[in-house]
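**Q** The end of the sequence shown is residue 1760 by this note's numbering, with every number in the run present.
Think of the hints as simulated: they come from the structure by calculation, not from any bench. Note that this is a predicted model, so its numbers are computed, not measured. Everything hinted at is true.
Each pair of labels, with its calculated beta carbon distance range: (1) I1533 with A1501: 41 to 49 Å; (2) A1673 with T1369: 29 to 37 Å; (3) R1362 with L1633: 23 to 31 Å; (4) R1573 with L1637: 33 to 41 Å.
Glycine included, each C-beta is placed from N, C-alpha and C at the ideal position.
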Amino acid sequence: MVEPLRTVVPQQRRGAFRLTIDPVFGGLFWGKLLSSVGVWVHGVVAAIVVFASTHSALAVGLVSVCQFAPQLLLTPLSGTMADKGHVWGQMLGGRILCCLGSLSLAAWFAHRGIVDGWSGAIPVLAASLLVGLGFVLGGPAQQSVIPRLVRADELPTAMMLNTTPMTVARIAGPAVGAVVAGQIGPAPAFAIAAGTHLVFAVIIAAIRFPRPEPHRDGVDYSVRAALRHVWHDKPLLLLLIAVTAAGVGSEPTITLAPALAHSLHGNDGLVGGLTSCFGLGAGLGLMLVTTAGTWRGQSWVTFTGLSAMSAGMFAVAVAPFLPAALIGFAVAGFGFTWTMSAASTMVQQRVPDSLRGRVMAFWMIGFVGGRPMAAAALGGVADATDVHIAIGTMCVLLAVAATACRPKALD
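Could you build all of it, start to finish, from the sequences and the hints given here?
**A** What follows is the structure, encoded as C-alpha cells:
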C-alpha cells in the first residue's frame, strides 16, 4: 500500500545496517532476500528434474527460456505501469504469480513424481513460465522504487544491499534446492520455493511505500521516449549492456551445471556445489565492492567485474577438472557482484525520475531477458559439441563486453 508523499529518510546518512532495519527499505530487503532464495531453489530443482527426465542440456536451457523470455515482450509495459504509480500492486501481484508457479510443481511432483521424457519436462516448463510472468509484473517496480526510499548519498550503499539478496541466494538457494530434492524429493523443494514468495507477498502487503510523483501532463510516458533517452545517453546504454553481459554470463551456472557435473563424474549434489561456488565468489565480491567503488570509481569496478567473469569462465573451459571448475565459478561470481552493483548504481544515478520505471524495465530485460537466448544457445552448443566449448564461448562474449565497457567509455 502507499501513503501520501513525505520525507521518509532522516537527514543523517544511514549505513548498511541502519538501512536493513528500516521498516520500509529493510522490509523490502529481507523479503527480497527470502524470495531470491526461493527463485534459485526453483531454478536448480527444475534443472535437476528436467535433466533427469530428458538427459538434455538443451531441455534444461528451456527452463530459463520459460522463466525469462516474458521479459523480452512484457517488461516495457510493466515499467510504464511503474512510472504511472502502480508499484505496490505490481510487486504484490508478481510475488503471488511466482508462488503459484512453484506451488503447482510441488503438487505435481507430490502426485506423479519424476516422469521420463518430455512428458515429465513440460509441466516444469509451464510452471516456470508462470514464475517468469511474476518476474515481469513485479521486477521493474521493485527496482524503480529503491531511490525513493533513500537519499542520494545513500544510493551506492542501497544498491550494494540490493545486490546482496541475489548473492546470498546464489549460495543458499542451489544448496538448499539440491539437498532437499536429493534427500526428500522435488515436491518439498518446490513447496519451499513457493513459501518464500508467499512470505514476501505478506511483507509487501504490510509495507507502506511513499506515494510516487503524480502523473504529470505533458510528460511522454511512452516506451519510445525512454528508448530515445537511452540511445542518446551512450554511457547509460553501455551500462545496460554491462548488466546484460553479467546476466547472460551467469547463465552457465544453471544451464550447464548439470552437464558439467556429469562430465566431472558428479551427482546432483555437485550441481548445487558448482552453483554455490559462484555464489560464494559473489559474496566475497560483495564484501569489497563498496570499498573498491570509493577507491577507484564505479566505472572501474564495472570493467573489472566483467573481466573477472571472463577469466573465471576461461578457467572452467580450459582446465576441465573439479578444482578448476569450482575456482573458476567463484571468480566469475566475484565479477558478477562487482558488475551488477557498480553498473546498477550508475544507472540509477543517471536516470531521471520520470523515466526510472521504464529504464529499469530495460535493466530487467538486459539482466534476465538475455538469459533465455543464452540458455538455449549454450545448451545447444553443449549438446552438439562439449560443455567446455559452450563455457569457452561465454568467456569470449564476456571479454568483448568488458572491452566495450572500458572506464573511459562509461565516464
